[in-house]
Amino acid sequence: MLDAQERELIEKLKRRDEAAFNAFVLQYQERVFRLVLRMIGDRAEAEDLAQEVFISIFKAIEGFRGESQLSTWVYRVAANHCRNRIKYLTRRRRQLTEGYDESSEEHISGAQSQGRPEAPDQLMEARQTERVLQDGLLSLEEEQRELVVLREVEHLSYEEIMAITGLPEGTVKSRLHRARATLREFIERNEQGRGRKR
Amino acid sequence: MSGSAFTSEQARARFDEVLDGELSDSERARFDAALAADPELSAEFERLRAVLVATKQLGTEPVAVDLLSGVQHKLRARSGGRFYRDRFAERRAKQPGLALLIALSALFVLGVLFWFAERAGWLGGKPPGLPL
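One line per chain: the protein sequences are A and B, in this order.
FYI, in my numbering the residues of the first sequence are 3 to 200.
FYI, in my numbering the residues of the second sequence are 32 to 163.
If you are wondering where the hints come from, they were derived from the structure by calculation, not from laboratory data.
A portion of the hints provided could be inaccurate.
[What the hints assert, rightly or not] Here are the simulated DSS-like cross-link-like pairs (lysine-lysine), alpha carbons at most 25 Å apart as the crow flies:
no.: 1; chain 1: B; residue 1: Lys87; chain 2: A; residue 2: Lys14
no.: 2; chain 1: A; residue 1: Lys175; chain 2: B; residue 2: Lys105
no.: 3; chain 1: A; residue 1: Lys89; chain 2: A; residue 2: Lys61
no.: 4; chain 1: A; residue 1: Lys61; chain 2: B; residue 2: Lys105
no.: 5; chain 1: B; residue 1: Lys87; chain 2: A; residue 2: Lys61
no.: 6; chain 1: B; residue 1: Lys105; chain 2: A; residue 2: Lys16
no.: 7; chain 1: A; residue 1: Lys16; chain 2: A; residue 2: Lys61
no.: 8; chain 1: A; residue 1: Lys14; chain 2: A; residue 2: Lys61
Can you make the complete structure from the sequences, with help from the hints?
Structure below.
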């Protein structure tokens with residue numbers, strides 16, 4: 003159920019109240035951007051896509067009937083945009099090198115930049131971990147990646163994930179089970195690879 | 032009674048439930064007993080847990096992003112100026128003081144100019160001190 007504050011915000015958004023929309027963007031931009039970034043893996047692309055998510059919301063807010071939390075609806079719009087963009091990017095990149103290249107590593111590093119000041123070696127290690135995890139996420143099938151991002155990165159409940167994806171609980175859990183195992187295997191392979199290089 | 036330990040396969044099939052905190056106390060005890068009896072299984076579970084802890088970390092660190100100006104720009108362009116036409120209303124909309132200050136300053140300057148122009152007779156009145 004929506005609380006009074008959320009209902010008021012939605013009413014203002016439906017009236018195309020620009021100040022309310024500004025506040026809404028500021029409230030949700032981090033969550034939307036993080037979801038999109040982890041799904042796409044490219045910062046510039048993610049910024050563009052996250053902006054498109056908000057534009058879609060601005061246009062489509064009249065269709066929001068309040069049957070779910072506003073945040074769930076926002077995630078649903080963002081997830082749909084991600085699926086469409088991934089299809090488009092896959093078509094566009096079919097001729098290029100598969101996977102996540104050096105340039106996308108450049109794009110992704112620095113995404114987490116407002117954290118605590120850290121020692122250079124800690125920062126390096128954190129960046130390395132982030133990069134490996136992002137590689138792991140991108141190695142997953144899109145449907146699995148979406149579930150891992152929603153569940154593990156965004157910390158959403160199964161109910162919320164079911165509402166966002168439209169999938170039944172059994173499907174969510176079985177896909178997530180496979181995704182977690184695949185992610186673990188990817189990280190292990192990566193660590194073994196790094197171990198051999200040393 | 033917590034019952035006997037799960038077999039390794041039974042325990043492996045419950046990794047997700049453990050990570051999601053969905054096992055009952057007695058099932059958790061049987062799961063822990065299975066891990067204690069099988070170091071390889073225990074290591075596998077710990078690796079999975081470590082990966083998921085690290086993945087969860089991705090969602091707790093703040094990300095530096097500012098989408099607002101880009102969103103406003105696109106909305107203004109695509110609506111043909113219908114939305115976000117007034118650039119003073121852009122950005123945070125949290126600086127009404129600045130907009131007000133600019134508006135008041137502009138009014139003051141206009142007032143001074145009007146007063147000066149009137150005194151100088153530039154508004155059509157008789158300039159003071161000139162002979163007819």
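Comparing the hints with the structure gives:
| no. | hint | result |
| --- | --- | --- |
| 1 | Lys87/B - Lys14/A | 34 Å, violated |
| 2 | Lys175/A - Lys105/B | 38 Å, violated |
| 3 | Lys89/A - Lys61/A | 23 Å, holds |
| 4 | Lys61/A - Lys105/B | 12 Å, holds |
| 5 | Lys87/B - Lys61/A | 32 Å, violated |
| 6 | Lys105/B - Lys16/A | 19 Å, holds |
| 7 | Lys16/A - Lys61/A | 9 Å, holds |
| 8 | Lys14/A - Lys61/A | 13 Å, holds |
The structure is inconsistent with the numbered hints 1, 2, 5, although it conforms to all the rest.
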